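Asker: Okay, here's what each chain looks like letter by letter:
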Amino acid sequence: MSTQTQSQFFQQLKKYYTFYTGGFIAFVIVLAILEQMGLPPRWIGYIFLAATISLYAGIGIMSRTADVSEYYVAGRRVPALFNGMATGADWMSAASFIGMAGTLYLAGFDGLAFVMGWTGGYVLVALFLAPYLRKFGQFTIPDFLGTRYGGNLPRTIGVIAAIICSFTYVVAQIYGVGIITARLTGLEFQIGVFVGLAGILVCSFLGGMRAVTWTQVAQYIILIIAYMIPVVWLSVVHTGNPVPQIAYGQVLQKVTLKENELNNPATVLGAAEASVRAIYKEKQLAAEAKIKSLEAAIATGSADTIVGEARAALDAELAALKAAPEPDAKKIEAKTKEIADLTGPDALVAKLKKAADGAKKSAGPVAAHAQPFSGKGAEKKLLNDKPDASAAEIAAAKAEDQEASNIKRRNFIALVLCLMVGTASLPHILMRYYTTPSVREARKSVFWSLLFIFLLYFTAPALAVLVKFEVYNNLVGLPFTSLPAWVANWQAVDATLMKIVDINLDGIVQLAEITIGGDLIVLATPEIAGLPYVISGMVAAGGLAAALSTADGLLLTIANALSHDVYYKMIDPKASTIRRLAISRSLLLVVAVFAAYTASLKPGDILFLVGAAFSLAASAFFPALVLGVFWKRANYLGAVVGMLAGLGVCMYYMFITYDFFGGVAANEWFAIKPIAAGVFGMPIGFLGVIIGSLLSRAPSLEIQQLVDHVRYPSLVNDIETRAA
Amino acid sequence: MELSERHQEYWRKNLRITAVLLAIWFVATFVVIFFAPQLNEIVIMGFPLAFYMAAQGSLIIYVVIIWFYARRMNQLDNEYGVQEGEE
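As they're listed, the protein sequences go chains U and R.
The opening residue of the first sequence carries number 1 in our numbering; numbering runs sequentially from there.
The opening residue of the second sequence carries number 725 in our numbering; numbering runs sequentially from there.
To be clear, the hints were calculated from the coordinates, so they are not data collected in a lab.
Warning: the hint list may mix true and false statements.
[What the hints assert, rightly or not] Chain R regions said to be covered by chain U (calculated; three or more residues, Cβ under 8 Å):
1. 727-736
2. 798-809
[Unchecked claim] Pairwise CB distance ranges, derived in the manner of DEER restraints:
3. R:Ile748 x U:Pro265: 42 to 48 Å
4. R:Ile748 x U:Ile160: 31 to 37 Å
5. R:Arg796 x U:Glu393: 56 to 62 Å
6. U:Lys354 x R:Ile748: 55 to 61 Å
7. R:Gly809 x U:Pro683: 36 to 42 Å
8. U:Tyr597 x R:Glu733: 52 to 58 Å
Note that the coordinates shown come from a computational prediction; the quantities given were computed from them, not determined experimentally.
Glycine is no exception: its CB is placed at the ideal position from the N, C-alpha and C atoms.
Please take these sequences and the hints and turn them into a complete structure.
Answerer: Next up, the structure:
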């Protein structure tokens with residue numbers, strides 16, 4: 001292939017992937033026909049899983065390589081367009097594919113922080129990093145830190161930060177793979193995790209970056225087709241317009257009208273909602289009263305009797321479940337767990353608090369989807385409870401609302417900033433720009449990357465609104481005897497995703513009686529839109545592609561940081577090529593198995609940890625990387641101080657504010673949530689680089705030449721930094 | 725490796741383009757968010773404006789910023805003779 005020119009290579013790739021896309025569509029059509037002929041859904045799931053994983057494995061095996069440059073940076077000849085697709089797949093994880101639309105459904109405008117943050121970050125990648133890193137042209141991000149700042153310390157901090165950010169992230173991906181595999185085939189979650197692990201390893205083990213690149217392109221094509229088809233269909237059904245991104249403006253207006261109706265007790269629907277909310281309000285007050293008496297009992301040391309009573313009540317419920325004519329194994333298991341969790345007064349308090357919070361949420365009015373930073377409704381509540389409130393009371397309630405709204409806005413801004421800067425600092429993304437043939441192509445490639453990512457991210461808000469419309473119009477107000485099939489199906493699959501209970505016993509569905517889990521939105525869309533099961537299988541395969549492709553990129557980042565930066569650069573710089581690749585592959589295997597093992601334990605707070613990765617990356621990497629290019633004076637001490645201070649402040653803030661680490665919300669600075677801790681870490685990081693640099697000598701002439709070298713795509717008598 | 729006056733000028737121009745595009749990015753992101761409640765009063769094709777920007781408009785601006793930067797810088801490389809040879 002080395003005799004081929006770049007443009008011939010491009011043409012050939014285009015031919016292959018066009019053929020591949022056609023093949024995938026034909027495959028789906030054949031399955032659809034087989035489904036009509038009676039192929040059971042479970043088989044469709046198996047076939048999708050087997051077909052896509054063996055496809056990725058095929059690409060992985062075809063891309064095997066024994067060349068260091070091929071292994072680490074795909075030979076640096078990935079054309080801009082294809083690197084864009086690979087970056088898109090690398091970037092969009094299970095959380096983007098399955099979780100994003102759900103977050104938007106539940107949070108409305110305030111969820112758009114993720115849409116903006118995860119796209120706008122590419123502007124920073126394009127302007128500050130991609131072209132310069134490409135010119136520098138080595139293998140990893142710690143490589144740049146090590147060369148630019150000299151010494152092993154900046155490189156080591158880079159390696160540690162890269163591993164912290166990437167590991168939690170990869171665990172979340174493998175967790176996602178396990179869930180999707182389990183759902184697609186009905187296998188156990190733990191087995192799903194290890195099937196997924198196999199899927200990841202076949203992509204990256206033999207061919208490193210080269211194999212990962214070409215499978216990621218293939219995975220992008222599957223995931224984008226799988227995401228678009230159900231949304232387009234749903235849009236056609238509801239609006240007659242096949243471009244959901246334009247059509248949903250009209251739908252959003254209808255949703256807003258419906259929200260007003262549901263919140264107005266003078267209407268029929270609104271009155272029914274109000275009756276359900278009143279019941280939730282009672283439940284909330286009852287739970288709160290119980291908490292009070294329990295806390296009083298804890299103070300006097302007589303709480304054990306209350307706990308004993310609660311346990312006895314649960315035992316009786318369990319006995320009733322077991323005595324039922326047809327015992328429900330799932331319910332019995334849940335009840336048994338509930339009894340086991342009730343270890344003492346504190347556990348009971350926590351349980352009651354959860355119940356009170358849940359009821360409080362359902363007792364409130366419907367939040368307006370398009371409304372940014374809504375206050376807590378103190379004014380409305382006041383006027384409702386006390387119609388003759390004085391002007392001073394109204395003003396106080398107004399101020400309270402305004403304050404709540406300001407805090408939400410502040411958090412939105414902080415989160416967007418952290419996600420954007422984090423995007424521009426995550427090593428598995430930056431690494432992709434080492435693989436283009438030139439600086440020119442690197443610049444273009446950022447454009448293609450964002451364009452391909454944009455396709456999914458501007459569709460997700462449309463999907464959220466379309467599903468909301470469906471729920472508000474076609475589900476609310478239905479009698480419980482004629483629920484649509486998709487509701488019953490998902491209720492049976494997983495009650496955390498879909499649950500409808502007739503709270504006020506009027507036989508009619510009210511919005512407050514529906515509990516929807518975010519992940520439902522994407523997974524159930526094909527059924528909501530009335531599409532055959534084969535499309536559901538395709539959506540699951542798309543989610544699998546999104547999770548696998550991201551996991552591939554992350555695992556490679558971790559393994560390369562260890563094998564290239566730690567082993568080759570610091571321990572044994574004379575290692576032979578064969579030895580380097582052998583070490584790299586062994587580490588890949590070890591890290592992958594360790595990550596899969598961690599995922600199989602089902603760690604609870606995984607989603608927070610993924611969000612935290614962005615803040616950590618933003619604080620640790622961004623200042624040192626950007627100033628390394630844009631400020632010649634930045635030096636060794638500055639980089640060390642800046643990275644440590646940024647990372648340190650960010651982690652400290654998370655520890656004191658996030659309950660997973662034993663922190664409390666009262667410690668928050670300016671009421672900023674722990675997920676946006678980078679908003680403090682990053683400025684401190686910049687300050688650290690600047691102060692540290694000014695306190696010590698300017699970097700050597702050689703380093704200053706290196707900075708010029710990365711700033712200009714080509715210079716006469718240029719120095720050479722490219723790694724072979 | 726001596727940098728000529730032309731080289732310095734190239735870098736200054738690059739900084740200027742970067743700064744202008746960054747300013748656009750800032751407005752499309754943070755100014756829009758800050759004034760979101762006010763912007764939402766304006767409705768276009770059914771979309772409240774702030775909602776539209778956060779869900780779609782700002783994203784389009786980001787894509788255009790990056791497209792423009794790549795095009796402009798690739799031209800600038802040629803104008804100042806710092807472009808790469810055929811790989």
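Asker: Now tell me if each hint is right for this structure.
Answerer: Checked hints:
1. 727-736: Holds, because 4 residues of the segment 727-736 of chain R bring their Cβ atoms closer than 8 Å to Cβ atoms of chain U.
2. 798-809: Check passed, 6 qualifying residues.
3. R:Ile748 x U:Pro265: 42 to 48 Å: holds, 46 Å
4. R:Ile748 x U:Ile160: 31 to 37 Å: holds, 36 Å
5. R:Arg796 x U:Glu393: 56 to 62 Å: About 58 Å separates the Cβ atoms of Arg796 (chain R) and Glu393 (chain U), which means 56 to 62 Å holds.
6. U:Lys354 x R:Ile748: 55 to 61 Å: violated, 45 Å
7. R:Gly809 x U:Pro683: 36 to 42 Å: About 41 Å separates the Cβ atoms of Gly809 (chain R) and Pro683 (chain U), which means 36 to 42 Å holds.
8. U:Tyr597 x R:Glu733: 52 to 58 Å: Since the Cβ atoms of Tyr597 (chain U) and Glu733 (chain R) sit about 56 Å apart, the hinted range of 52 to 58 Å holds.
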